[in-house]
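Here are the chains, one letter per residue:
There are 4 protein chains.
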Amino acid sequence: MKKLLIKNGTLITASETIKSDLLIEGEKISAIGDLHVPDTGVIDASGKLIMPGGLDPHVHLDLPMFGTVSSDDHYTGGKAAAFGGTTTVLDFIAQPDTGSFQISIEEWMQKAEKASIDYGFHMNVTRMDENVLKEIPSLVDQGITTLKMFTAYNGRLRLDDGNIFRVMRAAAEFGMLPMVHCENGDVIDILVEEALQAGHTTPVWHARTRPAWGAGDAVLRTAMLAKQADAPVYIVHLNTRVGLDQVRYARENGVKLMAETCPPYLFFTEEHLERPDGAKWICSPPMRSEEDNRALWTGLEDGSIQTMGTDHCPFFFDGTTPIEYEGEKIAIPGKELGKGDFTKIPNGTPGIGDRMPVLWTSGVVSGRITPNEFVALTSTNAARIFGLYPRKGSLMPGADADIVVWDPNKKVDYGVAVAQHRTDYNLYEGMKLQGFPELVFLRGKLIVEKQQWFGKRGMGQYQKRAPRAAIL
Amino acid sequence: MKKLLIKNGTLITASETIKSDLLIEGEKISAIGDLHVPDTGVIDASGKLIMPGGLDPHVHLDLPMFGTVSSDDHYTGGKAAAFGGTTTVLDFIAQPDTGSFQISIEEWMQKAEKASIDYGFHMNVTRMDENVLKEIPSLVDQGITTLKMFTAYNGRLRLDDGNIFRVMRAAAEFGMLPMVHCENGDVIDILVEEALQAGHTTPVWHARTRPAWGAGDAVLRTAMLAKQADAPVYIVHLNTRVGLDQVRYARENGVKLMAETCPPYLFFTEEHLERPDGAKWICSPPMRSEEDNRALWTGLEDGSIQTMGTDHCPFFFDGTTPIEYEGEKIAIPGKELGKGDFTKIPNGTPGIGDRMPVLWTSGVVSGRITPNEFVALTSTNAARIFGLYPRKGSLMPGADADIVVWDPNKKVDYGVAVAQHRTDYNLYEGMKLQGFPELVFLRGKLIVEKQQWFGKRGMGQYQKRAPRAAIL
Amino acid sequence: MKKLLIKNGTLITASETIKSDLLIEGEKISAIGDLHVPDTGVIDASGKLIMPGGLDPHVHLDLPMFGTVSSDDHYTGGKAAAFGGTTTVLDFIAQPDTGSFQISIEEWMQKAEKASIDYGFHMNVTRMDENVLKEIPSLVDQGITTLKMFTAYNGRLRLDDGNIFRVMRAAAEFGMLPMVHCENGDVIDILVEEALQAGHTTPVWHARTRPAWGAGDAVLRTAMLAKQADAPVYIVHLNTRVGLDQVRYARENGVKLMAETCPPYLFFTEEHLERPDGAKWICSPPMRSEEDNRALWTGLEDGSIQTMGTDHCPFFFDGTTPIEYEGEKIAIPGKELGKGDFTKIPNGTPGIGDRMPVLWTSGVVSGRITPNEFVALTSTNAARIFGLYPRKGSLMPGADADIVVWDPNKKVDYGVAVAQHRTDYNLYEGMKLQGFPELVFLRGKLIVEKQQWFGKRGMGQYQKRAPRAAIL
Amino acid sequence: MKKLLIKNGTLITASETIKSDLLIEGEKISAIGDLHVPDTGVIDASGKLIMPGGLDPHVHLDLPMFGTVSSDDHYTGGKAAAFGGTTTVLDFIAQPDTGSFQISIEEWMQKAEKASIDYGFHMNVTRMDENVLKEIPSLVDQGITTLKMFTAYNGRLRLDDGNIFRVMRAAAEFGMLPMVHCENGDVIDILVEEALQAGHTTPVWHARTRPAWGAGDAVLRTAMLAKQADAPVYIVHLNTRVGLDQVRYARENGVKLMAETCPPYLFFTEEHLERPDGAKWICSPPMRSEEDNRALWTGLEDGSIQTMGTDHCPFFFDGTTPIEYEGEKIAIPGKELGKGDFTKIPNGTPGIGDRMPVLWTSGVVSGRITPNEFVALTSTNAARIFGLYPRKGSLMPGADADIVVWDPNKKVDYGVAVAQHRTDYNLYEGMKLQGFPELVFLRGKLIVEKQQWFGKRGMGQYQKRAPRAAIL
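Chains as they are written, first to last, in this note's numbering: chain A, 1 to 472; chain B, 1 to 472; chain C, 1 to 472; chain D, 1 to 472.
Bear in mind the hints are in silico, worked out from the structure with no lab data behind them. Hints are not guaranteed to be accurate.
As the list claims (entries may be wrong) - Here are the in silico distance ranges between beta carbons for each label pair: (1) Leu-133/C / Asp-341/D: 18 to 28 Å; (2) Gly-367/D / Thr-321/B: 45 to 55 Å; (3) Asp-97/C / Ser-100/D: 32 to 42 Å; (4) Thr-201/A / Glu-173/B: 21 to 31 Å; (5) Gly-415/D / Arg-156/C: 49 to 59 Å; (6) Pro-38/A / Gln-110/D: 40 to 50 Å; (7) Ile-103/C / Gln-110/D: 57 to 67 Å; (8) Leu-196/D / Glu-173/C: 15 to 25 Å; (9) Ile-330/A / Glu-173/B: 47 to 57 Å; (10) Gly-155/D / Leu-133/C: 18 to 28 Å.
Said to hold, decoys possible - Simulated pairs of lysine to aspartate or glutamate, EDC-like, Cα-Cα distance not exceeding 20 Å: (11) Lys-464/D / Glu-113/D; (12) Lys-456/B / Glu-252/B; (13) Lys-7/C / Asp-34/B; (14) Lys-28/A / Asp-34/D; (15) Lys-7/B / Asp-34/C; (16) Lys-3/B / Glu-27/B; (17) Lys-2/A / Asp-34/D; (18) Lys-134/A / Glu-193/B; (19) Lys-256/B / Glu-301/C; (20) Lys-19/A / Glu-27/D; (21) Lys-134/B / Glu-193/A; (22) Lys-134/C / Asp-160/C; (23) Lys-111/C / Asp-129/C; (24) Lys-456/A / Glu-326/A; (25) Lys-7/D / Glu-25/A; (26) Lys-3/C / Asp-34/B; (27) Lys-19/B / Glu-25/C; (28) Lys-3/B / Asp-34/C; (29) Lys-2/B / Asp-34/C; (30) Lys-19/D / Glu-27/A; (31) Lys-456/B / Asp-73/B; (32) Lys-19/C / Glu-194/B; (33) Lys-7/A / Glu-25/D; (34) Lys-411/D / Glu-429/D; (35) Lys-7/C / Glu-25/B; (36) Lys-3/D / Asp-34/A; (37) Lys-19/A / Glu-25/D; (38) Lys-456/C / Glu-326/C; (39) Lys-134/A / Glu-194/B; (40) Lys-256/A / Glu-301/D.
In this text the structure is predicted, and so the values were computed from the model without any measurement. Cβ coordinates follow ideal geometry from the N, Cα and C atoms, glycine included.
Start from the sequences and build out the full structure, keeping to the hints where you can.
If you want it as C-alpha cells, here you go:
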C-alpha cells in the first residue's frame, strides 16, 4: 500500500495541538507519532498546521430552484470546497412529491457521481404520511441518518408541528438526528404577498418579509418538540440573537439541542440587501443586524453553537453573460431572475470554499476562538454529530486521510478571483486573509496544492453515516 | 338620587391606601374624602378595607361542552362571584361555525339577561376568512374589544399562526387586544390519540398528553406574532415556569405582552390528577408541578403577571345525583361523563368565588403581595387592560359603585359548604382563610351581606368596553 | 379653612385616570368627586391633567464638595424643582466623621430652613461601629428611615460588605430601607491613580476609570447582602445594562430589591464626556453607552425600575464668572476646578427641574410609558417606598395638596434659559418638550404659575417618614 | 528504550473515540495507529478503554490546618489518586506570611519529594504589596502559572477586590491564570461569630453561616474584575445554582471565565451536615441544596463547567484511634477537633481517588455526558487550561505515557474499604459503580493493576507549567 509521511507539522485536532508525524497508508491515516518509515514519500510540514479536512454539513449542489439550478454541481462545488480546505460535504436530498424516498435517493446518487470530494446526504422530510413514516428506518440502512424539516415554506416544504413531532420520535427511535430550518412560514407568506401587492420588489424586502423573531420563536418550538419526543435536534443556519437566546435557554434546560451557523451571518446585515447588488446576499434565513452578528460570535465563543456550515447554494449575479469555467462557456440563469420581484431571486449564496479561510482569519487570528475550536467547528463536531466519526473529522489512526496542511502565515487578498466557486461574485471581496490551505488530501490523494487542482471528477465517494451519533 | 356614605374605612386601590369616607350617589361613587353629607344612610366601616369590586376577566358561564353545560349560568355564577367579592365578569362568546359574529353575540346577550352581576364579552376567533376580518371593527362598536385565539384544539378552535397574525394586525389597527390560549395543539392531538389507543384513560393522562413546554413555546410564538403585528397581547391562564420565562423574555425585549394566571395553578400539580377524584382538577391547560407553582408566585410578586382570572367553568363531580339549588333539584351531567375516557371529562374547574379570598390569604396574609397589588391583580389591572376603566376597578369618583367592604380579620374554614358555586366540590376544601368580603355593592346596591344574598336575577348589566385600553 | 376647588381636570394617579373635581381645604386634599362647594375659589382645569406633585428621592442641595458647594441650596433648588413639577425632595445627610448622627442632622436641618418646597432626609452611613449601630433606631423617631451606603469611595464613604450587611440587618429590624450606591471602589481607585500617573486628565477619564461592570457586580453583591439580611434594598442611580440584568435576576429570584435611575442615563454616553465641555456630564456613576441607555428604557417600561430620581447636584460649568441670581451676583466655583485633573471636577449634574418635563416628553409622548406610570415613577412609588405615603405622592383625600396642573399641549424649547437651576448650563439644551407644568401647589398654596414664582423662602416643611414602608 | 504496545483498545480523548494501538517508548507515547512493533511487550486491551491519566487540578496534600494536617501526603494521596485513574495533581502552595514566594516553594517542593504521581503547584496569593507584585513573573520561570485568590477568609487568606484586580492584571501580562475561591468573607465572619455566641456549634452551622448567594455574588465580582483586567479567570469549586447562573452570564457576555466543580457538590446537601456524622461533609464552600446539585449537572452537560477537581483535603472522622496504613499505625487528629465548635472542624473531604469512578458511573453510565466529555472534564481540559498540555491530558504521540486502561464493565461496591485515601470514611459509601480503572501507567510505568500497587515513593515528578495556556 502506498505510504506517505508528513513530518514536522503540528497536528491540530478538536481538542489537541501536538507536534507529530503522520503516516498515510493508502486512503487512511495509519499512525501518528515519532515515525521512522523506510521507503516512503515524505512531506516536510515544518511551520505548518495539519488539520482534518473540513466537513461542511450544509450544502446544496446542483439544486433546481426557481427555474434555474444552483451553479455549483458536485464536481465544481467539491473542487471549490477543497481549495478552502473542505473534503466532505453533506448535501440535502429533496423528498419526491409522491412515492418513496428511494426515487430521490437514486436521483441524487446519480447527480453526485461526478463528485470531486466525499459526500453524504441528509433527507428532507417535507411530506408525511404513514408510508413515509414506515420508510424512515430504511434510510438508516443506506447511511442517511438525518431528517431535515422546515417550519417555513408553507405548502412546499413545511411540515406542521405535529408531523415534525412524529418525525422526531421516529428519529429518536432509530437513532437519527432531526434538523430544523427555523422561521415562521405563516407570517412570511402573508408579508410577502402584501409586499408584492404594495409594489415592494427590491431585494431588501426579502429580509423585511421574514421576521427575525420568527426565527427565534421557531427555535423554541423546535426545542419543545424535541424535548417532548425525547430526541436530539440540530438547528440549521442560526442567524439571530433571539434564536441564540433560545438555543441557550433550551440547552440550559436540558434539551439536547445543537446549532449551526454560517459565516455570512457573522458579517452581513439587512443593509447589504439595500445595496444595488443586494441580491448577492439573498438567502433564507436572511442577513440580519449587527446585534445579531455580535451575538452569533459570542455563541461560537462560548460553545452554544457547535458547527459552521455554509448553506452553499450559489447563483450567478449576472447569469446572462457566459463565463468560462472548466474550459467551457457557461451561462446559468441567476440572481437576475428576480429583477423586479424579490421573490424570484434564487435563494442562496456561495460559501463552500470561503468557510474555513474566512473563519480562520476572523476567528482564530483575531483571538476569538482557538485553532482547536476552529477544527471542532469546521470539521470534528460535524463529523461526530452526523455519524461520520471517526472516519472523518479526525487525524487519528484509522481515519480517512482527509488532511489539510494549513499555512498559518499565508496572506491572501480574497475575492472572486481567488475563490473557486462557479459564480461571478464573492461575498468577502477584498477581505485580507491570513492563513490558508497549502495542501489538501482526500483519502490520501493530493487534490490541492496551493492554487493548483489535482483532483478528478468522480473521485469523491459516498459516505454512509452511522446512527446514534454524538450529541454535543 | 339615593345616597349612601361609607365612613371610617380604609380605601385600598391598586396603588394607594388611604383613610377616607366614600359617598355613593345612585349607581356611582360620587366623592371620596372627609365628607359630611346630611340626610344620607351611613355605614360604619371602621376596621374594614374598602376595595373596588373584583373583575374576573376570564369566565365561562352556561357554556355547552361535551354534551353538557358548565353548571353555573349568568345568574348562579354571578352570585357565586359576588360572595367572593367579584362584581364584574368577562365571558367568552363562541364564534358561530358559519356566518356573522352577530349570531353568537345575540345568543350570548340572551343567556346573560339573567345575570346577577355586571358582565362583558370577549370574542373567540376560531375561524378566519375575509368576511370575519371585515366584521372585526363592528365588534368595537358593540363594546367587544378583545379577540381570543387558540394555538391548540386543532380542527375546533385553533387558528394557524398566519391567521393569528392577521387577527392581531386587525386588533392593532382598531385598538383591540388579542388574547391567546397557549398550548401546542398538534402535539396534544397526537399524544391523546396514542394514550387512548394504549388504554390510558384516567384523569392524569389529561396532563400527560399536554406538554408543559408546549405552553412555553406557544408564549414565545405569541410574542413573536404580536411583535411583528405591532400589537399588544394578553396570555390567558399562564401555568408553567417555562411560559413565565418566556413572558419575561418578551417583556424585557420590548414586546407589549401581558399575562394572566389562575389560582389553581399556584396550588395544585399533576399529582392531584392522579387521585381517585382527579377529574375535579381537570381543566386546560392542566395543573403542572411544584416548580411551576413556585415560579408563578414569583411572577405575581415581581409584576411579570398582571391579572388573576379564574377560567371558571364548573361541572359537578357527580352530575347524576340531583342536588338542591335555588329551590329546585338540579342534576347536570358533569365530570362522570369522562369515566373511562379522560378526553370526555368536561374541562373546567369552579373558582369564580374562590379567587379573591384564596388570593388574599395566600398572597396578602402571607406577605407575598401587598393589599394594593391584590386590588391591581384582581380588579384594576383587568379593568384597565380590558377597557372598563375608570368605570370598573376603581374607587375614584365617577366610577361605578362596585364596592367590597372587606373584613381582614374574618376567619373562614373554606370549602364547598361556604363557596356558592353550583357544583358539588371545591378545590380548596378545608383551606383556612383569613379575610373575607363582608358587604358587596353592585352599582350602589347591596347584593351581599356576609353570607346573605340580596341581589336579583337580571340586575347585572352589559358593559361595553373601550378600545385602545392600557398596556401594563 | 381656606378652600379651593379645581374643576374639570383629569386626575392622573399611579394607577388611575379619572375626570373629577378636587377640593383643597387648607393644606390638604379633602375630597375628590363631583363636588359642589359654595363660597370657594375655583380653578378651571379643563384640558389639563392633575397630578400629585413630584417627589425627587435623590438630591444633594448645598452639598460641600471638592472645596466648593453644589450650587443649588434648599431655596433655589426647591424652586427649580417646583418649576418642573416637583414639590418634595429627599436630601442626603452626611454622617459626621466622629460622633453622633445628631450632629449632622442638626446641621442639615438648619441648611434646610430656607427650603422652598417640602423635604426629608436620608442618612448616609459611611462609618460603622457599635455606637453607630445603637444610634440607628433613633433615626426612625426623627423620621429618617433610610440608610444610604456606598460600595465605592474607599476611605471616604465606602463601607465594607460586612458593615453593609450589619446595617441592612439593623434596617430590617427597625423597618428601615437600605440604599446602595453600586460601583467597585477598589478598582476605581487603582484606575484613577494610574490614569493620573499616565497623564490622562480629561473628563472622559472619569468614565474610563469607573468600570461599567463594577456597577453591575455591585448590584448583585447588594442583592446578596439584602437576601442574607432579609432586608429590602434600593439601588440608587442604576446606570448600566449589566446592572439592570442583575436587578431583574435578583427580583426574579425573590430578593426585595428596587431600583432608581436618573434621566441623564437614558440619554447620554461616554462620548458626551469626550466633548470639550465634557465636564458638564460628570457625575458618578458616569454616563455609559447607547446599549445602556436602551436597556434602562426597557427597565422603566417593564417595571424593573421603580423610581426616577435626579441625583441633582449642580455646579457651574464656569464658576469664575458671576451670574445674577435672585437679585445678586453669584460666582460659585464649579466644573473649572477640574481643569487639568478630572478627579477634581465636582461630581454632579443639574436635573431637579428637568426630571418631569423631560420624562414626560421622552416617555409619555413617545408612547413608552403611560401617564399613570409617569406618576408612579416620578412621585407615588417614591412616596410609598420612602414612607411618605399617603401624605405625598397621592391625590387622595387626606393627602397633602401638593398638586401639579399639567398642560399636556404646552410646547417648550428647553434649555438653561427655561430651567431654573442655579447653574450656567442644562444637559437638555435645545430639547423640544411637549407637556409642562402650568400650576404647582405646595400644601394648598400656589407656588408656580407658568413661569412665575409665588413660593417663599422657608415655606418648605420637614417631612418625617414612616418605617416599614412599601416594597415595590 | 523500553517499549510497550497496548493493542486492541479504544482510545478515548477529549474529542475522539478510536480503535487504535498505542505504543509507549520509555516515558512517552510514541505513536498510535495500526502498529506492528517487533520485540516489545504487548498488552491486550480488547474491550477496554484507553484514556489519558486523570489530572486533578485541585488538591491539598500534607496541608497544615487547625493544628493538624490533611491526612494524605504526596505519597499516600498520589497513590489513592492513581487507584482512581489520576496520575497528576495540582497542589496549592501557601504564600509565606512574610518574604518571598520562594520560601514556600522550597517547602512545598520538599514535601512533594515523596510524591507517588506527578504534580504541579498553584500559588496562593493571600498578601499583596509591591514586592509580591514584582516577584510574580519569577513564578512563571519555575513553572507556576496560576495565582489563587480568595474572596473569603478575611484577615487570613482574602485579598480585597483591588488587590485581586492587580494580581489579575499581572496575570494577564505574564500569561498566567488567576483562580478565585468565591464566597463572601465579610458576611461569613459575622454569621460565624453570631452563631457561636448563640451556642450553635453543630456541623450544619458551617453551611448556615456561609450564604449560598455569597458564592454567586463572588462569581460575578470575579468576572467583573477579570473583564476589567482583560484576564482569563478560573472559578474553583463552583457549588451553587446562583454561581452557575453567573458563570453563564459572564461567558455569554464575553468574559473569559472558566469553572470547576467537585463531585460532592453534585450529590450532597446541607441535610448531610445535619447528620450525627455531619462533620464528614464539612468543606468550604459547603454542600448546598438539591436544586444546586441539579443545576451543576446541567452545567457539566452544557459545557458551562469545564473541569472536575476534588479539593481533596481529607481528615479522619475519628483521628484519635490509630489505624494501620502502609505498615504503621497512624492517628492524625481529624474532624473530632471540632466537636462542640463547628469552626474547629478541619475543612475538607477525601475525594482524590473517587473522582473518576464516581463521575463515570453517575455521568457516563447514566448518559448525562459522553466518554469524551468525561476525559475532557477529568483530564484534558485541566491540562490545557493549566499549561500542562500536550504533555499531560493527552494520548497523542509525544505526550507522557500517563494512561488509564479502563474496564467499562467492572462493577464495584464502593466505599472506604475500596478507596485508598488515608482516612476512615468515604462520602460515597455503598455506591454501586460500573466502570473502573484496571491498569494505570505513570510515564510508561505500571503503577496500578486492579487493586494492586506497583508505584513507589518519590517516582512522581514536578511538572513545570507553561504560561499563555488555553482558554476554554
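Against the structure, the hints come out as follows:
Against the hinted window of 18 to 28 Å, the Cβ-Cβ separation of Leu-133/C and Asp-341/D comes to about 26 Å, which satisfies the hint. In this structure the supplied range 45 to 55 Å holds for Gly-367/D paired with Thr-321/B, their Cβ-Cβ distance being about 51 Å. A C-beta distance of roughly 40 Å is found between Asp-97/C and Ser-100/D, which places it inside the suggested range of 32 to 42 Å. For the pair Thr-201/A and Glu-173/B, the beta carbons lie near 25 Å from each other, so the given range of 21 to 31 Å is met.
Taking 49 to 59 Å as the suggested C-beta distance range, the pair Gly-415/D and Arg-156/C conforms, at roughly 57 Å. Distance hint check: the CB atoms of Pro-38/A and Gln-110/D are about 49 Å apart, consistent with the given range 40 to 50 Å. Between Ile-103/C and Gln-110/D the beta carbon distance is about 59 Å. The supplied range of 57 to 67 Å therefore holds. Leu-196/D and Glu-173/C have their C-beta atoms about 21 Å apart, which keeps the hinted 15 to 25 Å range intact.
Under the hint 47 to 57 Å, the C-beta atoms of Ile-330/A and Glu-173/B, about 50 Å apart, fit the expected range. A hinted range of 18 to 28 Å for the beta carbons of Gly-155/D and Leu-133/C is consistent with their spacing of about 21 Å. As the CA atoms of Lys-464/D and Glu-113/D are separated by approximately 15 Å, the hinted pair is consistent with the 20 Å bound. The suggested pairing of Lys-456/B with Glu-252/B is violated, with an alpha-carbon distance near 46 Å, which exceeds 20 Å.
At most 20 Å may separate the alpha-carbon atoms for a hinted pair to count; Lys-7/C and Asp-34/B meet this at roughly 18 Å. A distance of roughly 10 Å separates the Cα atoms of Lys-28/A and Asp-34/D; the hinted pair therefore holds under the 20 Å criterion. The suggested pairing of Lys-7/B with Asp-34/C holds, with an alpha-carbon distance near 18 Å, which does not exceed 20 Å. A distance of roughly 9 Å separates the Cα atoms of Lys-3/B and Glu-27/B; the hinted pair therefore holds under the 20 Å criterion.
A distance of roughly 15 Å separates the Cα atoms of Lys-2/A and Asp-34/D; the hinted pair therefore holds under the 20 Å criterion. Under the criterion of a C-alpha separation no larger than 20 Å, the hint pairing Lys-134/A with Glu-193/B is consistent with the structure, at around 19 Å. With a C-alpha separation of about 10 Å, the suggested pair Lys-256/B and Glu-301/C falls inside the 20 Å cut-off, and the hint holds. With a C-alpha separation of about 17 Å, the suggested pair Lys-19/A and Glu-27/D falls inside the 20 Å cut-off, and the hint holds.
At most 20 Å may separate the alpha-carbon atoms for a hinted pair to count; Lys-134/B and Glu-193/A meet this at roughly 19 Å. Pair hint Lys-134/C plus Asp-160/C holds up; C-alpha atoms about 19 Å apart against a cutoff of 20 Å. About 27 Å separates the Cα atoms of Lys-111/C and Asp-129/C, which puts this hinted pair outside 20 Å; it is violated. Pair hint Lys-456/A plus Glu-326/A holds up; C-alpha atoms about 12 Å apart against a cutoff of 20 Å.
Of the pairs offered as hints, the one joining Lys-7/D and Glu-25/A holds, with about 19 Å between alpha carbons and a cut-off of 20 Å not exceeded. This hinted pair checks out: Lys-3/C and Asp-34/B have alpha carbons roughly 13 Å apart, not beyond 20 Å. Restraint check for Lys-19/B and Glu-25/C: the C-alpha separation of about 16 Å stays at or below 20 Å, so the hint holds. Among the hinted pairs, Lys-3/B with Asp-34/C is consistent with the structure: their alpha-carbon atoms are about 13 Å apart, no more than 20 Å.
In summary, the hint linking Lys-2/B to Asp-34/C is supported, as the alpha carbons are separated by about 15 Å, within the 20 Å threshold. For the hint linking Lys-19/D to Glu-27/A, the alpha-carbon distance of about 17 Å falls within 20 Å, and the restraint holds. With a C-alpha separation of about 14 Å, the suggested pair Lys-456/B and Asp-73/B falls inside the 20 Å cut-off, and the hint holds. The suggested pairing of Lys-19/C with Glu-194/B is violated, with an alpha-carbon distance near 58 Å, which exceeds 20 Å.
Pair hint Lys-7/A plus Glu-25/D holds up; C-alpha atoms about 19 Å apart against a cutoff of 20 Å. Between Lys-411/D and Glu-429/D, the direct Cα distance comes to roughly 15 Å. Compliance with the 20 Å bound is thereby established for this hinted pair. A threshold of 20 Å between alpha carbons decides the hint, and for Lys-7/C with Glu-25/B the separation of about 19 Å falls inside it, so the pair holds. Restraint check for Lys-3/D and Asp-34/A: the C-alpha separation of about 13 Å stays at or below 20 Å, so the hint holds.
About 16 Å separates the Cα atoms of Lys-19/A and Glu-25/D, which keeps this hinted pair within 20 Å; it holds. At most 20 Å may separate the alpha-carbon atoms for a hinted pair to count; Lys-456/C and Glu-326/C meet this at roughly 12 Å. Pair hint Lys-134/A plus Glu-194/B holds up; C-alpha atoms about 17 Å apart against a cutoff of 20 Å. For the given pair, Lys-256/A sits about 10 Å from Glu-301/D by alpha-carbon distance, which is consistent with the 20 Å threshold.
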